[in-house]
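Chains as they are written, first to last, in the working numbering: chain H, 1 to 500; chain B, 501 to 577; chain U, 578 to 937.
There could be a bad hint or two in this list.
[Said to hold, decoys possible] Covered stretches of chain H, as calculated for chain B (at least 3 residues, CB under 8 angstroms):
(1) 9-20
(2) 36-44
(3) 228-237
(4) 250-257
Worth flagging that the hints you see were computed from the coordinates, not collected in a lab. All C-beta atoms in this analysis are idealised placements derived from N, C-alpha and C, irrespective of residue type, glycine included.
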Amino acid sequence: MASDAPAMAVIHGRSPIFYRRFDRKDDDQHQTHYCPGCGHGIVTKLLAEAIDTLGIQDRTILVSPVGCSVFGYEYLDVGNIQVAHGRGPAVATAVKRSRPDSIVVSYQGDGDLAAIGTAEIVHAANRGEIVSVIFVNNAIYGMTGGQMAPTTLLREKTTTTPLGRDPAVHGYPLKVCELLATLDAPVFLERVALGSNKQIMATGRALRRALENQVHGLGFSLVEVLSPCPTIWGLDPAEAQTFVRETMTRTFPLGNFRDRSASAVPRRLAVTVPDLGELPRILGLGPASGADGASDTVVPASPVPTADHRIVVAGFGGQGVLLLGEFLAEAGLSAGYHVSWLPSYGPQMRSGTSNCHVRISAVPIDSPVVSRPNVLIALNEPSLRKFLLSMEPGGLVLYNADRVPVDCAGNDVRITPIASTAIADRLGSAKVGNMVMLGALLEATGMLPDGALDRALHRLVTQESWYELDRAALQAGRAAVHRMTAAPAEPSLARDPAMG
Amino acid sequence: MDVARDRGAVAIDRDECKGCGLCVEACPPRVLRLSAELNRYGYHPAEYLGSGCTACGICYYVCPEPGGITVLRRQVA
Amino acid sequence: MEPQLIKGNEAVVKAALLAGCRAYYGYPITPASEIVEMAALYLPEVGGVFVQAESEVAAINMLYGGASAGVRAMTASSGPGISLMQEGFSYLAGAELPCVIVDMMRGGPGLGSIGPEQGDYFQIVKGGGHGCYRNLVLAPASVQELVDLTMLAFELADRYRNPVVVLADASVGQMMEPVSFPEPRPVPAAPAWAVTGTAATRHNLVNSIHLEPDVLEGHIRALEAKYREAERSEPRWEAWRVDDADIVLVGYGIVGRVLRAVVETARRRGIRAGLLRPITLYPFPTRAIRALADTARAFAVVEMSTGQLVEDVRLALEGSRPVETYGRVGGNIPTVEEVFQLVERTLVGARVPSEVSTNG
């Protein structure tokens with residue numbers, strides 16, 4: 001742009017933050033796609049100036065969701081991420097968290113931010129994400145052709161409020177700054193406008209502040225810009241500017257809603273990154289590690305080659321059903337077997353039935369689902385009745401009671417009553433009833449060698465007091481087996497000579 | 501008016517201008533107008549009357565286009 | 578490393594971290610909640626990012642952000658949450674962003690149940706989002722395979738710049754099995770296309786909008802070429818005792834393991850059964866299944882849905898062999914016994930000599 005006055009110097013001109021040519025556009029490669037008089041062009045220009053002033057061009061990442069601003073990436077020569085409708089704040093969150101040195105700007109319209117993306121903006125603000133949000137509010141859906149926005153003024157006609165916005169039908173204009181100002185985390189919330197020269201200059205200052213806050217590591221900053229949309233409003237650009245100034249500001253008062261720029265404590269997102277070699281330790285994957293060094297008991301690994309224990313443990317929630325199964329699986333692993341543990345699971349923290357399938361096998365386990373158990377540990381009567389009929393003939397049932405219900409006896413399985421809860425009560429806690437059963441099972445079947453439980457105990461029992469109680473319960477369970485001789489049939493657990 | 505004594509001047513990229521007229525409305529010394537001519541896109545672009553610019557920069561800020569308007573200021577000799 | 582007994586939902590997080598994943602965004606849902614909990618515990622420990630998102634919609638878009646920034650990133654959910662994420666799948670594929678999503682499938686439709694099911698096959702394998710895209714889909718059948726495939730998922734995601742889904746029924750996430758974890762892999766540098774907020778990446782753009790018909794068509798064709806390449810290079814499956822099989826059982830995930838037991842049972846009773854377990858659901862092992870039609874008389878597809886996988890098997894076989902199908906749903910897992918009955922039925926239908934099908 002040559003000047004014919006050689007003594008003149010450019011004081012305002014095309015910002016270097018804009019690409020010289022908008023290569024991604026097919027034609028008009030120096031114009032924006034915005035309509036004549038559109039506020040987006042002004043906001044983009046002010047944003048470019050703020051980026052330039054702060055010297056953050058290389059660090060800036062512009063997040064452009066859907067709306068008229070979708071092509072922000074065509075203009076600003078910064079890192080650009082185009083995203084889904086309304087999701088800018090979620091994307092910005094992730095970018096900033098992983099790249100804390102970047103300056104992340106989410107540029108959103110009113111449909112994007114205040115309708116479809118309401119959840120994302122509220123939660124990004126509430127988490128205090130260190131990002132800058134530019135919210136261009138023109139009270140209309142521009143790109144899709146003039147439908148009602150959440151910020152559309154009362155009585156305004158749009159293509160989806162052809163008779164005007166009626167609060168009884170369409171609700172009221174959504175006031176984003178006021179809404180976000182109810183949250184504790186945001187650092188800077190300001191509503192500005194493009195309704196006059198003065199307002200435009202104030203908008204420039206607010207945008208610069210929102211970016212500067214991020215440069216300083218302060219938290220969430222948002223600038224809401226009341227912006228003209230002459231095309232959809234059906235006004236000429238000057239009239240639209242007047243509408244912003246005189247009408248929009250009556251519904252959306254200008255001003256600052258939060259400014260803790262001076263008092264907010266800068267936050268640094270960077271974290272300590274451990275050496276790669278530390279990972280196994282951090283993840284608990286190293287060599288089995290008992291804090292006392294005694295946990296890594298070596299069990300002579302001489303699995304019985306035909307072992308195929310298909311175990312169902314069942315009871316009600318709180319009886320330690322799943323833990324009993326986990327002990328078994330862990331012990332089976334210690335003894336050199338292939339194991340699997342498959343729990344029933346349910347809504348957390350609610351009472352109800354609970355069961356798990358455990359397999360301990362000399363060969364790789366085909367299915368972890370135990371549909372034909374050869375061992376059933378039934379910790380209550382409903383569990384006994386539920387699983388008894390699925391038992392493999394010759395299987396073993398340990399049942400938590402003094403005696404077996406008459407109508408359950410006589411099947412081709414051995415049912416041994418072990419009053420595990422009562423025994424555990426006498427030991428001092430019903431909670432170790434599962435360990436009584438475990439002791440009884442190991443004694444009755446010999447399915448695992450002595451010492452196989454050591455590792456499981458060390459891994460799963462963290463308190464010394466429980467450790468002693470558990471050991472006592474295991475012993476009591478073993479003893480109980482010998483008192484119970486009322487079994488209707490000899491135990492014959494599938495093809496395992498170690499049992500019986 | 502004496503061009504040589506103006507504090508500033510405005511250069512308008514007539515093919516970037518969309519003729520919205522915001523600069524014409526905003527200009528305090530009223531030295532901008534929409535041209536009677538059409539640019540290649542069919543808009544009446546803004547044009548500088550040729551003198552009277554104070555280099556206030558307001559037209560630059562109200563212009564929605566990145567490079568539609570350039571404002572120059574006379575350097576102090 | 579020494580095998581340790583570990584729950585699938587815990588193992589999958591550790592595998593991801595060993596693979597270099599350093600960002601996780603998630604929303605709790607039974608039966609995948611242990612994943613978000615483990616991620617919350619471990620990501621900060623390894624210098625990574627963890628965000629509990631406000632919804633699955635936000636989570637998948639955070640994944641979009643993390644992947645855009647060149648970080649190996651992951652999320653996990655189950656049926657209903659995955660449905661909410663479908664918008665994001667489409668954008669991730671459209672913008673060619675590598676990332677990993679774990680789906681621990683539960684019962685549907687609607688709120689369904691929290692029991693294991695395989696009803697997400699269509700929405701994950703066939704795509705539930707808009708547009709011409711595919712997810713690469715890996716289907717583990719054990720906790721060890723969950724670990725191995727999760728690590729592979731990150732490699733494939735980077736190689737194809739595409740979302741990779743680890744699709745498991747909830748039982749795989751909930752069960753404990755011994756796992757040998759591999760050594761940790763170095764965290765890869767951000768790819769050259771990523772937007773990281775540096776001078777070197779300033780001109781980079783992550784984007785999925787192309788308004789010019791020819792430009793968008795070119796983009797879609799490029800995606801298509803990528804998928805064709807994956808179809809040539811990436812199908813994985815387990816074939817077991819198929820060489821002489823009269824009947825080939827096809828099932829994935831936990832069902833694949835039940836079918837192994839069925840094959841054992843059938844063989845003991847003189848029926849020549851075999852197993853084809855797809856490990857990649859997309860790309861599907863089409864050629865491997867088609868090749869078996871040369872030797873097998875019949876196929877039986879077993880799945881924990883009412884007929885989703887079976888469509889791909891039928892397409893692979895192109896009508897060359899009869900295909901029986903059997904499904905359990907609602908949280909039920911097919912038993913060996915009931916599938917064996919299916920095998921007998923199928924063989925009768927395929928007119929396999931009766932002395933074989935009724936033997937034993």
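We went through each hint and held it up to the structure:
no., hint, in the structure
1, 9-20, "holds (count 8)"
2, 36-44, "holds (count 8)"
3, 228-237, "holds (count 3)"
4, 250-257, "violated (count 0)"
In this structure, only the earlier hint numbered 4 is contradicted, and the remaining ones agree with it.
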